[in-house]
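J.: So in the numbering used here, spot 528 of the sequence shown is number 545, and the numbers just go up one at a time.
Treat the hints with caution; some may be incorrect.
To be verified - FRET-style restraints, in silico, Cβ to Cβ:
1) 523 with 151: 18 to 24 Å
2) 326 with 563: 39 to 45 Å
3) 244 with 612: 29 to 35 Å
4) 433 with 563: 45 to 51 Å
5) 230 with 563: 47 to 53 Å
6) 389 with 240: 45 to 51 Å
Stated by the list, open to error - With a straight-line Cα cutoff of 27 Å, these simulated DSSO-like cross-link-like pairs (lysine-lysine) come out:
7) 569 with 308
8) 509 with 521
9) 567 with 589
10) 521 with 567
11) 308 with 560
12) 589 with 569
13) 224 with 243
14) 268 with 308
15) 509 with 240
16) 569 with 364
17) 560 with 509
18) 227 with 358
19) 240 with 521
20) 227 with 268
21) 268 with 243
22) 569 with 521
23) 509 with 589
Calculated directly from the structure, the hints in this document are not laboratory data.
None of these values were measured; they are calculated from a predicted model.
Built from N, CA and C at the ideal position, the CB exists for glycine as well.
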Amino acid sequence: MQLKKLFRELNRRNVFKAVLAYLAVAWLVVEVASTVLPAFDAPPYFIKGLIYLLGIGLVIWTGFSWVYDLTPEGVRKTPEFSDTPETRRLNDYRLNTVIVGAGIAAFLMLLAGSFWAGSEWTRTDSLAFNPTHQIAVIPLAADMLEADDNEYFSNGMTQGLIETLSMSRALLVLDMGSTRYFRAGVIPANSYLASNSEQIDYFVTGKLNKTDNLIHVTLELRKDLKQDPFWTREYQDDISQIQRLWASATKDILAGIGLRSRNAASTEGKIRSIRPETFELYLKGKYHLSKSTVPEWQQGLVYLQEAIDRNPADPNAWAGLAEGYITWGHSLMPPPDVFPKALAAAKRAIQLDSSSAEGWASLSHYHTYWGWDWDLADYAFKKADSLNPNMAYNHYHRSWYLALFGEMNEAIAEHKKAQELDPFTPLHTVWLAELYRWVGEYEKGLNELGKVFEMETGRYALALALKGMILADMGQVDEGLEVLRLACEINKGWYVYYGPFLMKYGHEMEARQIIQELESSPDTPFFNLALAGIYMEAGDLDKTFEHLRKGKRHAWYAWMIRIYLADENFRKDPRFQELLNELRLPAPAPFEYDPDI
């Protein structure tokens, strides 16, 4: 009886309708905020905070509606007796109007947002990366700073322009890893670079000047390095508005090439202000991470962490930090916490800016090499590519993700994309040779390695190691082992290949010497993977699994287990299946490869 009485009183006081009206209005407010706030780059927690406030407001409103009524005379305290039929009718009319009006408006907002999101999704998916022009941004000259500062500032500014240009799907924008070998008006002395530069349709050259926080940029467009520019523009803005400057320059460059909005995707993206003091730290961090030694990477991470300490809401610094940790995780002696730190940084970058291509790429790389959430890795790879299809290193890492599952045609195609975007960085050519080796395309593999030697830009040890394995697989065992030995004289990390090949082809004494050397070296995950490979070829499975357990902290772990360690007895061992289950990987199967595709 008490419940019935309470229900009648709630109904008399219009509490039910007042709550329903509040929910309808709240729904409308959330829909409007979800549309408007992202346009002003508001962080995601703004929406969450609004929902929490509306939830608290609902409690307050419920109490208010018990005590007060909305009447023709305004808001007044609800009487203890029933109102007149006319008053009740007007009260119901007002509340019904609010409920229906807010509900219809919220539904229309939701419907419009759904159609917009659907059209954006369809538009993005339908815009296949089919560029019509290839463009190279040569590092911009910066001579206004101290000599030690010129390079990091020039590289950072050049990379900013490259990233903004990359938003256009009509352009194949070369990575700065390749364009750093060019200079305005100078043909490279390296014959390989010179001959392949003829495939580039346009070169962007220019210079920088910086006075306090004012940045002045002069840009030029050339069709040939030897020719004078046919297009020149000057830009000036506060360094805090550098993204706006690059967006304006990109729009002008597209127009100079003859591209309009009809055949080029929008390049404006999210334009934010940056903090000059933390931006300098970010540029220094990225500069050091682009180097090839662990001390340089460590210095780069220090700069990026300092930038984050000064501005924790900088998504670019978080994304750079994540990729830096992942790079370090591929080294011979990575710290045990390097990948967990990469995950935390990648997630923070995405939380701060869901359109951060580098943030999504870092998340995909984390799950490929450490997290082993393969579905999430695939989603993050595709998300990063939809935001910036010109990231060579994202295609490179996705190639190895696909190869892990034996999808070799797709893996080779992705690797070729990385090579096309960054043709003069040996990394994106030398490892393509290894994929060709896996499918028995030895001549193609040797051809790719020949390009690396022609480049004369370094990384000879890796190229020698892969060449040695190909030669051995082709039956030229002695020559292959000799080439592998030369690779290990330069870099002992390639014992991971040389040791197992020595044992496989009957050179047990030399293989045992490598075992002794590795076991007396620092106990690192990478060296343990090398030892696991040698012991597998020696038939000592207990030692193989012992070292695999120690090597699971390295980025190569999954590939060692599923591809490189291919001995039949090893794969029949129940411990092998346990490792596969831990990795959430299917059992090894023949590579899916069609040479005619």
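J.: Now, for every hint given, state plainly whether the structure supports it.
T.: Here is how each hint holds up against the structure:
1. 523 with 151: 18 to 24 Å: Between residue 523 and residue 151, where Cβ atoms are some 49 Å apart, the hint is violated.
2. 326 with 563: 39 to 45 Å: The hint (39 to 45 Å, Cβ to Cβ) holds, given that residue 326 and residue 563 are roughly 41 Å apart.
3. 244 with 612: 29 to 35 Å: At 41 Å between Cβs, range violated.
4. 433 with 563: 45 to 51 Å: Violated: the Cβ-Cβ distance is about 39 Å, outside 45 to 51 Å.
5. 230 with 563: 47 to 53 Å: 58 Å, violated
6. 389 with 240: 45 to 51 Å: Distance hint for residue 389, residue 240 holds at roughly 47 Å.
7. 569 with 308: 26 Å, holds
8. 509 with 521: Holds: residue 509 and residue 521 sit about 19 Å apart, inside 27 Å.
9. 567 with 589: 21 Å, holds
10. 521 with 567: It holds: about 23 Å lies between the C-alpha atoms, which stays within 27 Å.
11. 308 with 560: 36 Å, violated
12. 589 with 569: Since the Cα atoms of residue 589 and residue 569 sit roughly 20 Å apart, the hinted pair holds (cutoff 27 Å).
13. 224 with 243: 17 Å, holds
14. 268 with 308: 31 Å, violated
15. 509 with 240: 44 Å, violated
16. 569 with 364: 23 Å, holds
17. 560 with 509: Holds, because 21 Å separates the two Cα atoms, which is no more than 27 Å.
18. 227 with 358: 35 Å, violated
19. 240 with 521: Measuring from Cα to Cα gives roughly 53 Å; hence the hint is violated.
20. 227 with 268: Since the Cα atoms of residue 227 and residue 268 sit roughly 22 Å apart, the hinted pair holds (cutoff 27 Å).
21. 268 with 243: At roughly 25 Å apart (the allowed maximum being 27 Å), residue 243 and residue 268 satisfy the hint.
22. 569 with 521: 23 Å, holds
23. 509 with 589: 31 Å, violated
Of the hints listed earlier, those the structure fails to meet are numbers 1, 3, 4, 5, 11, 14, 15, 18, 19, 23, in rising order.
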